[in-house]
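For this one, chain E is given, so just place chain V on it according to the hints.
If you read the sequences in order, they're chains E and V. Note that the first sequence covers residues 1 to 660 in the working numbering. Note that the second sequence covers residues 1 to 660 in the working numbering.
Hint data in this document are derived by calculation from the structure and do not stem from the laboratory. The structure presented is a predicted model; accordingly, all values stated were derived computationally and were not measured. Note that the Cβ used here is the ideal one computed from N, Cα and C, for glycine as well. One thing to keep in mind: the hints can contain errors.
Unchecked claim - Once the Cα atoms are required to be at most 20 Å apart in a straight line, the calculated SDA-like pairs of lysine to any residue come out as:
#, chain 1, residue 1, chain 2, residue 2
1, E, K242, V, I654
2, V, K148, E, G156
3, V, K242, E, P631
4, V, K536, V, H101
5, E, K242, V, P631
6, V, K242, E, G555
7, V, K242, E, I654
8, V, K242, E, E659
Unchecked claim - If you only want the chain V side, here are some residues facing chain E, beta carbon under 10 Å, derived:
#, residue
9, L127
10, N193
11, K242
2 protein chains.
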Amino acid sequence: MSKNETPRDPNEVLDEYEETLDSVLAEVESPDEATEDDDISLGLPGLSLGRRDFMKAGVAAGAMGSVAGCSALTGGGDGGAANQTTESGSSVSHTVEPGEHDEYYGFWSGGHSGELRVIGIPSMRELTRIPVFNTDCATGYGFTDDTKELLEEGGGYSWGDNHHPNLSETDGDYDGEYLYVNDKANGRIARVNLTYFETDAITDVPNMQAIHGCCVLSPDTKYVLGNGEFRAPLPNDGTDVKNPDNYTSLFVAVDPESMETQWQVKVDGNLDIVDTGKEGRWAISSAYNSEEATDIQGMTRDDRDNVKAFDIPAIEQAVENGNYEEVNGIPVVDGTQSSSLNQGDRPIVKYIPTPKSPHCVEVGPNGDYAFVAGKLSPTVTMIDLDALADSSDPEEVVAGRPRVGLGPLHTTFDGNGHAYTSLFIDSQAVKWDIEAAVEADEGSEDPIIEKQDVHYNPGHIQALEAMTTDPDGQWLVSLNKLSKDRFLPVGPIMPDNDQLIHIGQGEASMELVADHPAYPEPHDCVFAHKDKIDAKKVYDKSDYEETYITEEDSGVERTGDNSVHVKMTTKRSEYGLPDFTVQAGDEVRLSTTNIEGVQDIIHGVAIPEHDINYAVAPQDTREVTFTADDPGVYWIYCTYFCSALHLEMRSRMIVGPAEG
Amino acid sequence: MSKNETPRDPNEVLDEYEETLDSVLAEVESPDEATEDDDISLGLPGLSLGRRDFMKAGVAAGAMGSVAGCSALTGGGDGGAANQTTESGSSVSHTVEPGEHDEYYGFWSGGHSGELRVIGIPSMRELTRIPVFNTDCATGYGFTDDTKELLEEGGGYSWGDNHHPNLSETDGDYDGEYLYVNDKANGRIARVNLTYFETDAITDVPNMQAIHGCCVLSPDTKYVLGNGEFRAPLPNDGTDVKNPDNYTSLFVAVDPESMETQWQVKVDGNLDIVDTGKEGRWAISSAYNSEEATDIQGMTRDDRDNVKAFDIPAIEQAVENGNYEEVNGIPVVDGTQSSSLNQGDRPIVKYIPTPKSPHCVEVGPNGDYAFVAGKLSPTVTMIDLDALADSSDPEEVVAGRPRVGLGPLHTTFDGNGHAYTSLFIDSQAVKWDIEAAVEADEGSEDPIIEKQDVHYNPGHIQALEAMTTDPDGQWLVSLNKLSKDRFLPVGPIMPDNDQLIHIGQGEASMELVADHPAYPEPHDCVFAHKDKIDAKKVYDKSDYEETYITEEDSGVERTGDNSVHVKMTTKRSEYGLPDFTVQAGDEVRLSTTNIEGVQDIIHGVAIPEHDINYAVAPQDTREVTFTADDPGVYWIYCTYFCSALHLEMRSRMIVGPAEG
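Same shape as in the complex, but just chain E (with noise of 0.2 Å):
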């Protein structure tokens, strides 16, 4: 197809494309999940090609073809590079002997079922979930008046988006100190504190309707920033809500200590994803919809959309010059490309035409580069981060731009030179020679070392370290978003399929080791060695040195007419008080210690039919305060089998008539 001919609406070909693979899927793997409306043939008669042939055969090169204006696509895979991985016996084992540790952590954001999840490094197992922006009744997390606070004053909801986990930064590397993760839905960031490995703020950013891309800005953690990917009214109070011309997407700083707001920057387009360079100047953005559509046509119209790539000292002096205009009590820049602050030596952000719709953007290990992936362009970008200085003009900052392979979502680094990347459509890792690629034409597919089928359709792609100055390699995980027939069927909403790789120092080919089913919905993940985290197995008791209740403090106190403060402590088998009475109507105050001082010794306190569940750790204390409305006799319990006296262990709360 030449430049200039019409070039068909992606996303119809898109639909059509994947709904093809779908079906050919459906029929050659469980013939009998093939529904009637699905079309097999895509006009093809006669064809019985499983996935695999399908994409080599090149079948699809025709219907791609006028994605992202690319003339000649022909599906990943057919290079003689391509490694057919047998599936079955693996070579390496990534099993941890009972008994044993895993080397490395895993911090998983669980998208949205708003929690984290800590996995283990190889084995893949689940060590523990952190609720970040959900309630969990396990721990009681929402359920004590710390954590509704916590909750309450983090925006009020339920639930949220957890996408992206950024691990603290001292000097370039993991401090082991918080990790932040920020929600899609709600716009709001949560940091989560790793010596208790529990999230201990949240912030409901202002006038950000959806932060996406999330990071923290290297090499000292001096911001957490964030993408805002909606574009909406400023403020969005309902004025001007039909007139999208007047929309904005916002960038944000927020300080990683006092978790406030610092500034905002508005600018063209939808944000998405974000990565900072290594020196603390550049944070680099993709984006989509440059078009400003408020529809899907519309949005994939063009075939570059600008990545932005944020001056951060140069934000900061706008701000100190006072060049900022205030909205909600937030300094909001305008970055936008007709700003004044764009127009001198200096702007504030760069905005660097991209194909097409670019979905992320990680630095590389050196900090050289940014690397843009394609998303709707079978490319990534490289975006020399030295050159941008300089300028923002592609032909002088793009350093390389190798055709990787179809629907190109997110890169990973073995710190050996290796870029990975994962491809959405191709459903493949595709390893490739970063310089080679800088050395390589312009769409070029020699840098391409091999690819790896997974199983089915990756987002984010993670290895070992890859986010620091020095990645480990090793292994690689690919977060699958279908997996269809891998595990056995457990109704219609199927786990997604994290994907143990592994990929030695990067001199070894990619050999897929495991399968791993994830609850929805696994969005990235970000590892750390186990040295770096320094995680502690008693609470410090000084923690809580107003509220701390000894043996000797558990008792009722009266605090008025209708309110109460009950205190006790918690140890093996017996609660402080092994009954109080309250009457109803009242507002009890409930305070409980676990006076225990052997570590995993943790233990419930369980309110039956009142709605109250949570855990006390060793030397923790916590308190709830709920109504007692009804009366009778309810059995506190214990929900932590903590010895074998567990079942006994237990306060009766006596609940007599309302007085007078």
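Quick look at chain V alone, frame taken from chain E:
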């Protein structure tokens, strides 16, 4: 110690014992973790043994000698048959290669997480979670109108403590239709539909404080049976709250189809776990607190507690004869020891004194015996179910009582004549010969075949299909309450540890194969061969005949001055409406149908700043009703990554100012 010596308070002894173990363990395994408060010597100067040596050396014998009146407890593992497994390098693999399926479904109750977990065996991978008593923002359980209503009608709580999952049976085998599970906290029973793997009913059982034991009546699921654990006034309405003599525990039968409560039986003492014989007559409940005390010292005073054998046909006859009191609409039959219904030839409940605060009862595969674990006695009491028809005299119905070790809690079976009992205090699984136990003297250790260390403090223990008439052997899972040092540290709230043990067909030695961390609290599990479950991958459109929405239906209908009904389809990349407008204050009923026919193409409906997210699986229809309070633009987006244009899949909800 002779029988006539005054026994020490067992609670005191157990406390001292366990704390000592913990601190010894802490010192040996993590020297810096032992706190100053720990008395690591137990008055034994120079003690510097590991936990296993400590047990084997018999040091505990003195300290534990009074427990359950046993004179010569030596702890486990000192017999010649003890199997000292080398932890690393197990010879049996549980690996399931990429793309291969597990052979068994494991259904794990999630304890106070409120959810069920589906785990593949032997891989131990979590295939999915099924929210039951909790809310779940990943799928929208508790967010959509139908699931909100389900939880509201089920008591209105946002958590539960699910303990015992049970598969529905036909002719004594799993029929793959339903799973039933109890909520210990709020006295409820839920049903999970195994066609779609979702909760479809929750019954808030009247009159009951806490349903602990739960099972179905074999062989044809005539009832779901539950044990009300906590003694409370009946009705628990504020009368008699301070008169524990009038407190009572109830046993309940729920209809498995209508899920309505059929009848209850009140008994003496607390009820614990329940299982049924294979012929539909007997339900056997373990029990504690025959003392009917309200504190731990009182509850553990006596050396015997009464196991209850419920004669189901006899109870049905009593109900039919009108021999009941109606409380809150439920027929309550008097099954206390003094009841007239227990004085005749066919008592409705037989009381069998058993040592000591026995925790669990499991009926063996051929239905001959109920195995009652002693908890505070080191024995398992075998009750002969045939003999039970004629007598409840322990001399006549107790077929055997092997001494298995300290803290026996649960027993499982391999179908080849062996029982496996979990030892909470010894942290072991003990394998013993069932017929040898019948032959041996009471309290004999001769039937013991081997002991396997587990890590640490096991509760339930389950072998494959052990609760059917034809157990499959091969694998056994020990659900250990503590993990301590077994995994990378994740803060003070540590995971439980589910350990996979290979048992072969019973001829092999037990071999510990894998440790799997589990989020609190996997209480119990049940396994079904994959061929017994028939999960659908796409919903049946006819289930939603009235509400199913086609693309032509998509639109907005004003249904009142302040209410609108929005209908829209979902398919890859597009909602049926690119935008819609409502006015501030409108109650919005949003109905969505996923019109895709292909498996695993799920769409999400997330509404920022409105606390709404839910999944719509292929051919499913879900609705949510909310109030659009604040004017503004809100982009509804898809939370399931469904296509290369997933990010562009959005609908724009415009909330205009309130009219008038």
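So, going through the hints one by one against the coordinates:
{"no.": "1", "hint": "K242/E x I654/V", "verdict": "8 Å, holds"}
{"no.": "2", "hint": "K148/V x G156/E", "verdict": "19 Å, holds"}
{"no.": "3", "hint": "K242/V x P631/E", "verdict": "12 Å, holds"}
{"no.": "4", "hint": "K536/V x H101/V", "verdict": "17 Å, holds"}
{"no.": "5", "hint": "K242/E x P631/V", "verdict": "12 Å, holds"}
{"no.": "6", "hint": "K242/V x G555/E", "verdict": "18 Å, holds"}
{"no.": "7", "hint": "K242/V x I654/E", "verdict": "8 Å, holds"}
{"no.": "8", "hint": "K242/V x E659/E", "verdict": "16 Å, holds"}
{"no.": "9", "hint": "L127", "verdict": "5 Å, holds"}
{"no.": "10", "hint": "N193", "verdict": "9 Å, holds"}
{"no.": "11", "hint": "K242", "verdict": "6 Å, holds"}
The structure fails none of the hints (numbered hints given earlier).
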